[in-house]
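Protein chains: 2
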Amino acid sequence: MWRGSESGGNAMFELDFKKGDGILPAIAQDHRSGKVLMLAYMNNEAWQRTLETGEAHYWSRSRQELWHKGATSGNIQIVKEILVDCDRDTILIKVEQKGGAACHLGYESCFHRKIAGNGEERIVGERIFDPEKVYNR
Amino acid sequence: MWRGSESGGNAMFELDFKKGDGILPAIAQDHRSGKVLMLAYMNNEAWQRTLETGEAHYWSRSRQELWHKGATSGNIQIVKEILVDCDRDTILIKVEQKGGAACHLGYESCFHRKIAGNGEERIVGERIFDPEKVYNR
Numbered sequence: 001m002w003r004g005s006e007s008g009g010n011a012m013f014e015l016d017f018k019k020g021d022g023i024l025p026a027i028a029q030d031h032r033s034g035k036v037l038m039l040a041y042m043n044n045e046a047w048q049r050t051l052e053t054g055e056a057h058y059w060s061r062s063r064q065e066l067w068h069k070g071a072t073s074g075n076i077q078i079v080k081e082i083l084v085d086c087d088r089d090t091i092l093i094k095v096e097q098k099g100g101a102a103c104h105l106g107y108e109s110c111f112h113r114k115i116a117g118n119g120e121e122r123i124v125g126e127r128i129f130d131p132e133k134v135y136n137r
Numbered sequence: 138m139w140r141g142s143e144s145g146g147n148a149m150f151e152l153d154f155k156k157g158d159g160i161l162p163a164i165a166q167d168h169r170s171g172k173v174l175m176l177a178y179m180n181n182e183a184w185q186r187t188l189e190t191g192e193a194h195y196w197s198r199s200r201q202e203l204w205h206k207g208a209t210s211g212n213i214q215i216v217k218e219i220l221v222d223c224d225r226d227t228i229l230i231k232v233e234q235k236g237g238a239a240c241h242l243g244y245e246s247c248f249h250r251k252i253a254g255n256g257e258e259r260i261v262g263e264r265i266f267d268p269e270k271v272y273n274r
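Top line first, the protein sequences correspond to chains F and H. First residue of the first sequence? That's 1 in the numbering used here, and the numbers climb one at a time after it. First residue of the second sequence? That's 138 in the numbering used here, and the numbers climb one at a time after it.
Simulated from the structure, these hints should not be mistaken for lab results. Even for Gly, the Cβ is constructed at its ideal location relative to N, Cα and C. Warning: the hint list may mix true and false statements.
Said to hold, decoys possible - With a Cα cut of at most 30 Å, we get these calculated DSS-like pairs of lysine-lysine: (1) H/K155 - F/K114; (2) H/K155 - F/K35; (3) H/K235 - H/K251; (4) H/K217 - H/K235; (5) H/K172 - H/K235; (6) H/K156 - F/K133; (7) F/K80 - H/K155; (8) H/K172 - F/K18; (9) F/K18 - H/K217; (10) F/K35 - F/K98; (11) F/K133 - F/K114; (12) F/K133 - H/K172; (13) H/K251 - H/K270; (14) H/K217 - H/K155; (15) F/K80 - H/K217; (16) H/K155 - H/K270; (17) H/K270 - F/K35; (18) H/K270 - F/K98; (19) F/K35 - F/K19; (20) F/K18 - H/K155; (21) H/K155 - F/K19; (22) F/K98 - H/K235; (23) F/K80 - F/K133; (24) F/K114 - H/K217; (25) F/K80 - H/K172; (26) F/K80 - F/K18; (27) F/K35 - H/K156; (28) F/K114 - H/K270.
Unchecked claim - Footprint (simulated), chain H over chain F, 3 or more residues, beta carbon under 8 Å: (29) 17-29; (30) 33-42; (31) 66-72; (32) 80-86; (33) 126-133.
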């Protein structure tokens, strides 16, 4: 198990943030089931906060701000393992997804649209929570 | 099992290519083990070619050209399932990885660098092939 609290944030490893104009894609995968939950982006601050706290932090491109995943919904992601790819420009975090759902629409995974061979999409997976209730919209 | 040959490429589903200036991230995951193999990018041409052929095609950002994954190494990716996320701006393809290795460095997965709690990295996984021999460098 990976614990950010051991590192104090003094990561020796350097990501190639130049590749993505300062933000890199980060894949969150359920550490037990292997299901891919979501893809979001990290800038260096989000990366450092993730290392320091052991909870996933991203950079919200739409809101242009640091995003502590689950801060609103309570569905935080506890980091269990961090991997980076051969080019040092993509992050893969294996997480324990609190609340059982990563998607803001209430699904376990953001990848709940399956594209069939005829080009049609259909929803796979069930809603874990009702986003209307969680986000008070 | 997903078969592109059934669709004839007439995909009704529309991705939001505007989000990424015409290219979107695509995650390739082993359809059996659930291991995340790599992340690359698709433009609309790569997406359509993937749908039509049932083999993963990407857009190479470094070479700025369509990239039929495995064309050089023989390690093509047979598409078994295609999922897209809630924002329609990220693709997840579940594939059968021919040759057993997705990474150009010879590893099964491009995500073979594990970041420890102290910030050090170490290589996880074994080399499946010797890139010197495969690419004749």
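Hint by hint, here is what the structure shows:
1. H/K155 - F/K114: Holds, because 21 Å separates the two Cα atoms, which is no more than 30 Å.
2. H/K155 - F/K35: Holds, because 27 Å separates the two Cα atoms, which is no more than 30 Å.
3. H/K235 - H/K251: Holds, because 24 Å separates the two Cα atoms, which is no more than 30 Å.
4. H/K217 - H/K235: 13 Å, holds
5. H/K172 - H/K235: At roughly 14 Å apart (the allowed maximum being 30 Å), H/K235 and H/K172 satisfy the hint.
6. H/K156 - F/K133: Holds, at about 28 Å.
7. F/K80 - H/K155: Between F/K80 and H/K155 the Cα gap is close to 33 Å, so the pair fails against 30 Å, i.e. violated.
8. H/K172 - F/K18: 27 Å, holds
9. F/K18 - H/K217: It is violated: about 33 Å lies between the C-alpha atoms, which goes past 30 Å.
10. F/K35 - F/K98: Given that 30 Å is the threshold and the Cα spacing comes to 14 Å, the pair holds.
11. F/K133 - F/K114: 26 Å, holds
12. F/K133 - H/K172: Roughly 34 Å separates the two Cα atoms, so the pair is violated.
13. H/K251 - H/K270: Holds. H/K251 to H/K270 sits at ~26 Å (cutoff 30 Å).
14. H/K217 - H/K155: Distance ~26 Å between H/K217 and H/K155 Cα, so the pair holds.
15. F/K80 - H/K217: Since the Cα atoms of F/K80 and H/K217 sit roughly 28 Å apart, the hinted pair holds (cutoff 30 Å).
16. H/K155 - H/K270: Roughly 40 Å between the alpha carbons, so the hint for H/K155 and H/K270 is violated.
17. H/K270 - F/K35: 34 Å, violated
18. H/K270 - F/K98: Violated - the C-alpha atoms of F/K98 and H/K270 are around 45 Å apart, more than 30 Å.
19. F/K35 - F/K19: Satisfied, since the Cα-Cα distance of roughly 27 Å is no more than 30 Å.
20. F/K18 - H/K155: Given that 30 Å is the threshold and the Cα spacing comes to 22 Å, the pair holds.
21. H/K155 - F/K19: 19 Å, holds
22. F/K98 - H/K235: 35 Å, violated
23. F/K80 - F/K133: Given pair F/K80, F/K133 holds - Cα atoms ~29 Å apart, limit 30 Å.
24. F/K114 - H/K217: 11 Å, holds
25. F/K80 - H/K172: 15 Å, holds
26. F/K80 - F/K18: Status holds; Cα separation ~26 Å.
27. F/K35 - H/K156: 24 Å, holds
28. F/K114 - H/K270: 38 Å, violated
29. 17-29: holds (count 3)
30. 33-42: holds (count 6)
31. 66-72: violated (count 0)
32. 80-86: Coverage by chain H holds here, the residue count being 6 at a Cβ distance below 8 Å.
33. 126-133: This one is violated; 0 residues, fewer than the three required, reach chain H with a Cβ under 8 Å.
In this structure, the earlier hints numbered 7, 9, 12, 16, 17, 18, 22, 28, 31 and 33 are contradicted, and the remaining ones agree with it.
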